[in-house]
Every structure is written in C-alpha cells, then in structure tokens.
Amino acid sequence: MPQTYQKPLTAENYSQEPLLNVEGVTLQYKTKEHLVTATYKVGFKVFDAERFVLLGPSGCGKSTLLKAVGGYLKPVEGKITLKGDVVTKPDSGRVMVFQEFDQLLPWKTVKANVMFALTTSGKLSKKAAEERTMAYIEMVNLTDFAYTYPHMLSGGMKQRVAIARAMAMEPDILLLDEPFAALDALTRRKMQEELLQLGEKSGFTLLFVTHSIEEAIIIGTRILLLSPHPGQVKAEFNAGTLGYDNQGQNEFKELLGKIRDMLFSDAVEEETISTKGS
Amino acid sequence: MDNSKNVDTRKKTSPSLRPEFTREILDTSKIGEIFQTLSLWERIRDINAVRKLFILFILFTIWQVYAVNAGNPLMFPTFTTTVVAHWDAFVHGGLLLKIWVSIRVLLLGYTAGILASAILTILAITTRFGSDLLETLTAMFNPLPAIALLPLALLWFGLGDKSMVFVLIHAVVWPLSLNTHSGFTGVSQTLRMVGRNYGLSGLRYVFKILIPAAFPSILTGLKVSWAFAWRTLIAAELVFGVSSGCGGLGWFIYENKNELEIAYVFAGLFTVIIIGFGVDNLVFRKIESKTVQRWGMQQ
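Chains as they are written, first to last, in this note's numbering: chain A, 2 to 279; chain B, 5 to 303.
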C-alpha cells in the first residue's frame, strides 16, 4: 500500500511546528481597469493531518488565497511557508483540485490522467507509478473506469479522479477549491463522506475552500472565517468532533448559528454602507 | 421529478387538494427485448462511405447524361471517356510519375511549413514579442496569395524544387499559425494550472498540455493549409510549367490542354480531386476519430 501519510491529529501535533504558515498575507490582482485587493493581512497556521477550511462569502478572496498557497500568485505583503520553505511557484508538493470538471486532461484515460502526474514529476519508475495509480483509483472506487476517457464520466466521477490524481502525488498538503460546488446535492453529500473516509484512511492534510457552512463543519477540523472585500480573518473555530452524525445535535446547530450570525452581520453592515453611500 | 416540485409550490395554499402517493415500480421483464438490432438497410445507411459514394454516383450520372446530350467531346467529354483517358494516362502516359513529382514537392513544402509554423507559434506563446510578431506577420502575409510570390521565388532560387517549396511554405505557414495560435490561447485556465501544478514547464508544457488541448484548432489549421498548399502547387505548375524539371500534375493538365486532349485535361483535374478527397477522408478523418472525437472534444 502506498500509504506514507502522517497519523491523524493528536494533541502532540499542536506542539510541533505548523506544516503551512501563512503570515500577514495581502493579495492583489489586476483586472483591465482596477487593482483589486483580495485579502488583507491574513494569517493562519495549518498543522499535520488537519482538515483546515477557509470559509467566507463570495468576494472574500478565499479562492485567491488558495491559489497563493498553490504558488500561482505572489503575495504583495507577508509570506507563505510550507515546512519552513517560502512558497514561490506551483509545485507537486502542493496539489490543487479545482471546482471545474475540465481539470482532467481529455486526451488521457482515467488511469493515464493519474499516472501522468506521477511520471512527469519523475519521482517514480513506470512500474511503481502504475501500481500506485491503480491503488488510488481503487481507493476512489473507479477501478472499472480506469480505461475510460473523462468525457464519458459523470461530474462526481470526474471529481473523484481529480482527487485520486492529487492524492496519488502524496503531497504535503492537498488544496481543494470548492471541489463539490458544481455537483448535485445527493452526489455532493456522497463525495463529502468519501473524502472524510479517505482522510481517515490516509491522514492527509487538507486546505479546503467552501462557502457552505454545513460543508465547512462536516469536512473541517478547524474553520477560518473570512470577511468580504477584502478578506480578513474574522474568527477561527474547532469542528473536529462534528460530522454528519452530529447534524441534529445542539453543538452542531450552535456552531452553525454562530457562523451564520457572523456572516449575516457582514451582509447587514455592507447593506447599510451601500444605502448610506447612495 | 420536476413536475411534482412545481405542483407542490403552486398548491401551497391548499395542500389538501391533491393526495400524496407512493407507487410500486412495474415489472418490465414481460416487455421482452429492450434492445433491438437495426435492420440491414438502416445499418448500411449508417456507413459514411456508402452515403458519400451514393452522392458521387448521382454526380457522375448527371455528368454523363449532360455530356452525352451536349455531344461536344472537345469541350465537354463524357464521364466514361474521361475514365478511359485516365486509365490510359495511368498505364501509358506516365501519370503516376507526374503524381509522384507533385506529391513529393507538396510533402516537402507542407512539412517545412509545419515546422516553421511550430517555431513561430511556440515563440508566440512563450514571449510577448513572439506573439506581436506572429500577429503582425499573419495580418500582413495571410491575405497575400502564395502564387504571387512565385516570380520572386524563381528569381531568388531559380527553377526547381526550392522555389516551389518556398511558395508552399508561404501557403501553409500563415493559416496554420493562425489556427494553432488561436487554439493555444483558448486552452482553459484550469488545464494550464493543472499542468504547472504537476511541474510541467517550457517545451514539455507545450507538448504535454497545450498541443493536445488545442488539437481541434491545430487539426483545422492542418486541413486548411493542406488544401492551400495543394491548390498553390497545381496553380504554380499550371502557370510556370516545368519549374521542377520533369513536371507534375499541373503541367500534365497544361500540356494536354495545348494538345486539345480535353479528356486528359479532365483526367488530370480528376486526379487532383481524388487525391484531395482521399487525403481528407482517409488521413484527416482517421486522425480526427483517433484523437479529438475519442477525447470527446468534438462530436
């Protein structure tokens, strides 16, 4: 089995150095007419085997933040370090899974898509890469579809291939950018469950972006709440004990309510500002 | 599913109007076969080649009927005399050699054009100067008919393959570069990011991500430029005759026109069409079904 991941989160892990350290990061990008500030002095720490969720309304820069961690974007201010090394460019140690279904290469079969990632990085011999590929395809239950082309798969299956491809690299951290947002509710729920099971099996470290509070609580062990325009840290919550089975319980509802109130207060503030302005 | 939702929202004010229900699913095993094979006639009609041959058959019939009625073999020979002339030219007239002469020059020019276009487009996607250069050059030279450069080419390179190849490169490189470049710029941001994520850069990135992702456009470019090259070559041979020493298909047509062997002129034109038709239907169709159709990028 290709498992080399760290053990699940324990109290000792917290005393260690963080795996990913984001310090005072300000991100800006240019459009044709404007310079947009996406996040302003955002900082957080992600430890080994954590499932860290970036949560916030649209426009809070959470996807931009994820891209910066991926190395696609340079911070204007502050720094991002992974295992003590400053992140400067995309790297197979930080693998990203996107929301879009077109992230699979349409000219490669499911197996070739997963294997291409392993062989291009030159880490493994062809035989070892093939073995690992099949192991991860089996882990996401797609063995029967190993030789099909992506356009013949459903949306959920495509996302599973993308996740398998990312996991097969056995990266230091997996970056998931609303991977289930384009799926129907039923498939989304199934995928969330599967992701949690994969997490239990492999103990990966996850940085997960979503705008759904429920998804954040179910998936995450720790949740970072961002405010909109530009994104700033509002709060951090622990949600490691809460999952699907707790949805009816008070603890779950309390956290949900707390987060919802905080997000809602943002919306209200914004509305009053905009009415004042007009 | 959708219907029931609609009903629900509309009847919200009086929910008791319609009772709720659940239903058992009917046993469908009694219906028998769900799949049925198509009849022989339907299957024959589904074969692409059969339908195309049928169209050709109709066209040839019209030709034959018209030519027989016109009764002017000098101006408009019948289909059958053309076929006979064709056969004769094949066996005795050295038509095969002439085809080879044309095809050889064509392939030389086509390959050289593809290489030149590859260099230009790769330069264009990796550097901003390259992209400016390509845009300017295509805007300037794409409207210029390649054949118009032939007099100049003959001056520079003299009679022979060189000037032909030069003109063919010009015919191939602009339409191909234009298509390829627009294909490259249309590659989705997600695919680009995926490629970079797994550590691809430089030429490996171009060959492993950009070229396959832009392949539908590249293939169109290859097809268009193939036709341009073929056209230019025949025209050049027609106008300047034996510019490559022993003469190709265009020269064959020109020669026979001078001798008023109109059936042979038709046979020459026929050959040009058949080769064009064959390359499109055999070579490019095959590439298409093996690549872009298989990958689901084209229906």
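For the record, the hints were derived by calculation from the structure and aren't laboratory data. Warning: the hint list may mix true and false statements.
Stated by the list, open to error - Selected chain A positions facing chain B (in silico; Cβ < 8 Å):
1) Gly85
2) Val87
3) Thr89
4) Ser93
5) Ala118
6) Ala129
7) Glu131
8) Phe265
What the hints assert, rightly or not - Calculated lysine-lysine pairs in the DSS-like style (CA-CA distance at most 27 Å, straight line):
9) A:Lys109 / A:Lys127
10) A:Lys259 / B:Lys227
11) A:Lys31 / A:Lys42
12) A:Lys124 / B:Lys56
13) B:Lys294 / A:Lys90
14) A:Lys109 / B:Lys212
15) A:Lys109 / B:Lys56
16) A:Lys84 / A:Lys33
17) A:Lys75 / A:Lys128
18) A:Lys31 / A:Lys80
19) A:Lys31 / A:Lys75
20) A:Lys127 / B:Lys294
21) B:Lys227 / A:Lys112
22) A:Lys46 / A:Lys202
23) A:Lys90 / A:Lys75
24) A:Lys124 / A:Lys112
25) A:Lys42 / A:Lys75
26) A:Lys109 / B:Lys227
27) A:Lys80 / A:Lys109
28) B:Lys227 / B:Lys294
29) A:Lys80 / A:Lys46
30) A:Lys127 / A:Lys31
31) A:Lys33 / A:Lys46
32) A:Lys128 / B:Lys290
33) A:Lys128 / A:Lys191
34) A:Lys112 / B:Lys212
35) A:Lys127 / B:Lys227
36) A:Lys84 / A:Lys202
37) A:Lys235 / A:Lys31
38) B:Lys294 / A:Lys109
39) A:Lys42 / A:Lys191
40) A:Lys75 / B:Lys212
Ideal Cβ placement from N, Cα and C applies to all residues, glycine included.
Hints not upheld, ascending by number:
As far as the earlier hints go, 1, 2, 3, 6, 7, 8, 10, 12, 13, 15, 16, 17, 21, 27, 30, 31, 32, 33, 35, 39 are violated by this structure, in ascending order.
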